[in-house]
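Trainee: Each number in the working numbering corresponds to the 1-based position in the sequence shown with 15 added.
Be aware that a few hints might be false.
[To be verified] Here are the computed lysine-lysine pairs in the DSBU-like style, where the Cα-Cα straight-line distance is at most 30 Å:
#1 K102 - K82
#2 K102 - K70
#3 K70 - K82
#4 K102 - K29
#5 K29 - K82
#6 K70 - K29
Derived by calculation from the structure, the hints in this document are not laboratory data.
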Amino acid sequence: MSSDKRREARIDIKQDVWMEGQDSRLSGEATNVSTGGMFVVTEDAPEVGTEIELKFDDPEEGEVAVKMEVVWQSGQGSSDGPGVGLKAMSSAGRAAFDRVVTRHRDGTDADEEQTEETDAVTIENDQAVSENDDKRSA
16 MSSDKRREAR
26 IDIKQDVWME
36 GQDSRLSGEA
46 TNVSTGGMFV
56 VTEDAPEVGT
66 EIELKFDDPE
76 EGEVAVKMEV
86 VWQSGQGSSD
96 GPGVGLKAMS
106 SAGRAAFDRV
116 VTRHRDGTDA
126 DEEQTEETDA
136 VTIENDQAVS
146 ENDDKRSA
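Turn these sequences into a full structure, and let the hints guide you.
Mentor: Rendered as structure tokens:
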């Protein structure tokens, strides 16, 4: 799919995912994502038009499960690698999926938030130690 047909900007990501269809369960790695869908690298690509339930674990949302449709496939020779382009469909898990994408797009991933909180505590502790050292030397 060419980028001019995309409605949403893609965000690079590395996320293990599981795809469940009528009679199969496949694993893969999402390499880019948008609120409209994602690309998943997988050796065993479901057929175009197949509806699947895509699942992945997220540190804030827990297990996210969203219905998706396979809209294109790429083969071994593709620059993206073998895999499938998926379009997100309306489902109970769509809101959680959109929140995860928004967090990545806005750069507010859980790991970054934890790092910022840790940095703030470290600065406060450093200031307290410095104030105590100033009091002792006075």
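Trainee: Work down the list of hints and note, for each, if the structure agrees.
Mentor: Comparing the hints with the structure gives:
no.: 1; hint: K102 - K82; verdict: holds (9 Å)
no.: 2; hint: K102 - K70; verdict: holds (14 Å)
no.: 3; hint: K70 - K82; verdict: holds (9 Å)
no.: 4; hint: K102 - K29; verdict: holds (18 Å)
no.: 5; hint: K29 - K82; verdict: holds (20 Å)
no.: 6; hint: K70 - K29; verdict: holds (14 Å)
In this structure, every one of the numbered hints holds.
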